[in-house]
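All chains should be modelled from the sequences, with the hints used to inform the complete structure.
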Amino acid sequence: MYETILVPTDGSAGAEVAARHGVTLASAFDSEIHFLSVVDDRSFSRDFEAIDPELGTVRTRFEERAHTAVDSLAELVADTGVPCETTVLTGSPAATIRKYAADAGADLISMGTHGRTGLDRLLLGSVTERVVRTSDVPVLTSRVEPEDGDGYDRVLIPTDGSEASTAAIEHGVAIADRFDATVHALSVINVAGLAGAADVGPVLPDVVEAVETQAETAVETVASRCRDRGVDVVTELSQGTPYRAIRSYVADQDIDFVAMGTHGRTGLDRYLIGSVTERTVRTSEVPVLTVR
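For the sequence shown, the positions run 12 to 303 when our numbering is used.
Certain hints may be false.
Claimed, not checked - Ranges of calculated distance between the beta carbons of each label pair, as one might list FRET restraints:
no., residue 1, residue 2, range
1, G92, R53, 33 to 41 Å
2, R72, G92, 27 to 35 Å
3, A262, L100, 36 to 44 Å
4, E227, D82, 47 to 55 Å
5, E86, D41, 15 to 23 Å
6, R53, D161, 13 to 21 Å
7, E296, V202, 22 to 30 Å
8, D239, S259, 25 to 33 Å
9, G251, R72, 27 to 35 Å
No lab work stands behind these hints, which were simulated from the structure alone.
Only a predicted model underlies this, so the values are computations on that prediction, with no experimental measurement involved.
Virtual Cβ for every residue (Gly too), placed ideally from N, Cα, C.
Right, here's the structure in full:
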């Protein structure tokens, strides 16, 4: 499933966390891993350097830091047997990461999040969030290191039966299979949301019943794929606000990995926030794999 895993790094602790998850997966899937650091050249135009030579010195410092960042991650995997490559490029970080992933044939991008709290965790703008929104390659986001490098024991696949959510099934089941983990298939029914729809009120019970049937079908689809692969599976229907229900389920069931689909939107829509997946990525304490 994963032959080449890309780990972008800025030398931060978050990038090291992402690297450790990347190495965990690379070890399980016999993958090679690429460490990439991008020097943001938007503030270091050659034209500006001609005017202010000091900018050239600043650019050199950033390039040195970038090389140090990838070299330190290469040392991290030196004793694991996982083959790795290191690269430093200049450009706009998110766009350069996406292009490198395409050129290198990466099957997965592993990136750290800053673990922000309060209002900050709900704001956009980070390179990681831009890559999650726009990448055609699955993206694993994480803020906590894997425990003892042993992998994952409980993999959650939230699903509503949509094409977007089913995109993650193969990835979640494959990871569970490699780590001998149990898959938890969860579908959340947002009854409050249904009740708020103006044209639903008079027939709400019928609508809820139809949605429950759809949810049962959705989790059974995951369960069927697990049984085909010989993977243990638990199914659950829940009611509530989807991303909050997912977060509660993660905590209650001690989930250590989440695989979710994204809508694969294009144009302006792909830059907008609000989806269950994006809220989960921002707030989750466990790794979240987003699949388009």
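query = What hint numbers does the structure not satisfy?
reply = 6, 9
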